[in-house]
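Peer 1: Chain by chain, the residues:
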Amino acid sequence: MTNKPTAYNNRLGLKGWVYAGNYTFERYLYIGHRLSGLGLIAYMVLHIIETANRMRGEEAWAALMGLFASPVFKVVEYLLFAAAVFHAMNGVRLLLVELGFFLGKPQEPIFPYKSSVMKHRPLTYIIMLLAGLLMALGGSSLFFK
Amino acid sequence: MRETRLWSLHILVIPIIAVLLGMHFAVQHYAPVFYGMSVEKARDFATMIERGRSTAQFVVYILLLAAGLYHGLYGTRGIIRELPLSPAMVKVVDWGILTVGVLIFALGTYVTWWTFVHPGV
Amino acid sequence: MTDTKQITFRIRRYDPDVDTIPHWEEHKLNVPDGMTVLEALHEIKAEQAPTLAWRSSCRMGVCGSCGMFINHLPMLACQTQVLHLGTDVVTVAPLPNYDNVKDLVPNLEPLIQKHAAIKPFIIIITNSKEVDEPTGEFIQTPEQRDEYSQFTFCIKCGLCLAACPTVATDPLFLGPQALAQAYRYTVDNRDCGLQERLEAIDAFHGPYQCHMAGACSQACPKGVDPAFGIQLLKRTLVLDSIGFGKKKSSVAKVMPLADVVKAIEEFAPPPRTVVK
Chain L
1 MTNKPTAYNN
11 RLGLKGWVYA
21 GNYTFERYLY
31 IGHRLSGLGL
41 IAYMVLHIIE
51 TANRMRGEEA
61 WAALMGLFAS
71 PVFKVVEYLL
81 FAAAVFHAMN
91 GVRLLLVELG
101 FFLGKPQEPI
111 FPYKSSVMKH
121 RPLTYIIMLL
131 AGLLMALGGS
141 SLFFK
Chain W
1001 MRETRLWSLH
1011 ILVIPIIAVL
1021 LGMHFAVQHY
1031 APVFYGMSVE
1041 KARDFATMIE
1051 RGRSTAQFVV
1061 YILLLAAGLY
1071 HGLYGTRGII
1081 RELPLSPAMV
1091 KVVDWGILTV
1101 GVLIFALGTY
1111 VTWWTFVHPG
1121 V
Chain D
2001 MTDTKQITFR
2011 IRRYDPDVDT
2021 IPHWEEHKLN
2031 VPDGMTVLEA
2041 LHEIKAEQAP
2051 TLAWRSSCRM
2061 GVCGSCGMFI
2071 NHLPMLACQT
2081 QVLHLGTDVV
2091 TVAPLPNYDN
2101 VKDLVPNLEP
2111 LIQKHAAIKP
2121 FIIIITNSKE
2131 VDEPTGEFIQ
2141 TPEQRDEYSQ
2151 FTFCIKCGLC
2161 LAACPTVATD
2171 PLFLGPQALA
2181 QAYRYTVDNR
2191 DCGLQERLEA
2201 IDAFHGPYQC
2211 HMAGACSQAC
2221 PKGVDPAFGI
2231 QLLKRTLVLD
2241 SIGFGKKKSS
2251 VAKVMPLADV
2261 VKAIEEFAPP
2271 PRTVVK
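Residue numbers (the working numbering), protein chains in the order written: chain L, 1 to 145; chain W, 1001 to 1121; chain D, 2001 to 2276.
None of these hints come from the bench; they were simulated from the model.
This one's a predicted model, so the numbers in the text were calculated from it and none came from an experiment.
Think of the CB as a built atom: it goes at the ideal place given N, C-alpha and C, for glycine as much as any other residue.
Worth double-checking, as some hints may not be accurate.
[Claimed, not checked] Some chain W residues close to chain D (C-beta under 10 Å, calculated; not the full set):
| # | residue |
| --- | --- |
| 1 | THR1004 |
| 2 | LEU1006 |
| 3 | SER1008 |
| 4 | HIS1010 |
| 5 | ASP1044 |
| 6 | ALA1066 |
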């Protein structure tokens, strides 16, 4: 009895979300958007549960706020802000692009081909610049008392 | 049209979240810049209760809660379901995420209402 | 005598009769300017590795058979000149996200099945008499053709699915090729089949699992830009869900046969471009 030769499973799996080849940086904006999104929703769920502590009274609330005044939490808070800014700005780009805006018109491909990714690259640069600006401005929160 | 409607709502709430979350950040985390108030004062119990008793705050928080939870949990559902799952696991993921969303929305709404009807400090 | 450069080819080998996991083999070759990766593989098979297996056919970039993962990007081997890659070591592997049958041969069956699932043909409205008793030709203006013609250049090579991050984990995702073709047929003014295709495309593993990573369009060797097609498909579906879609009853206008004959007779040839 002979065994049928088996094909090798060449699917990249989760690794394929992060790195799969020498692709352009929009593919990394995609993974950045995923990671920041997961971080933000996880934070939001915890945040709703944590702020419910107000119902335990003024002292419990003050203790919780005291915890968040430490330098570690200030950095975490800033990273949260940065993640929200990145996710929001990239999200605005995706909102426009995924409805077909800023991608040009369909036209007969003439070599060298310009993909829709390259066509909206100027928009990507502007959005990333704005995001960087907002993140830099937001850094002031690290110095708040 | 179901998946199209779910996705359309997911992107429709983007501008709502952008505006309301921006306001929330300004009040909670950047109070020294926008209100000349220290972060400590902005977050203390009395200030928080006083702010929470306004109708505007109540409406904004409920909207932000609904929009943020829907957007975030729809995205999470998409990420998890892009993994190879059995049909049974797909049902677990869908119903599990819906349950988490409903429970957290209920908790958040209750806390917001509790603050809104608080007699004050 | 043409100048040649010695290039090392790192080729991924897998023999299902012998191996449980793939391994890499190195072969050195003197490569002249203009030699493609496909030609290099032929040379290596002739001189060094007689059992090396791959799929190829037209060797001119129209059949889509020779898709491979070359220097970490999906490419057609016949369209890739070795020296243009700019490296002394060229890695050649089978396309990722497809089962590896042997050496450089991917199992493209999922690509074909997903393509078939979106009904890749013009669907005329079923109660139209034109289907069984045609009276003329369907009219399509050049502007109407321009709306979809870019997506007709697809050669079903499968490089786009190899590049897609969603295909990497989700075996049920339709993929850039099928979704771009779904748009091609849906937007064609002769087609009334959006409702029939909805079961396949308005489902979880449809266009909403595309997140515009753009790798598919980067990989496409024919400039089809499947990512563009998918975003336009999303727009079409959203508009249709709120009642702004193509009317089901709208059939492309028919030009009666007599008028078609008259148009051909009256056709004026274009002006001469070669001066006598």
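Peer 1: Next, verify each hint and record whether it holds.
Peer 2: Cross-check of the supplied hints:
1. Among the interface hints, the one on THR1004/W holds; its C-beta lies about 5 Å from the nearest C-beta in chain D, closer than the 10 Å criterion.
2. Residue-level restraint check for LEU1006/W holds (minimum Cβ-Cβ distance to chain D is 8 Å; threshold 10 Å).
3. Given the 10 Å rule on beta carbons, the hint for SER1008/W holds: about 5 Å separates it from the nearest Cβ of chain D.
4. For HIS1010/W, the shortest C-beta to C-beta distance to chain D is roughly 8 Å, which falls under 10 Å, so the interface hint holds.
5. Because the beta carbon of ASP1044/W sits about 41 Å from the nearest beta carbon in chain D, more than 10 Å, this interface hint is broken.
6. Taking 10 Å as the C-beta contact cut-off toward chain D, the hint placing ALA1066/W at the interface is violated, the least distance being around 21 Å.
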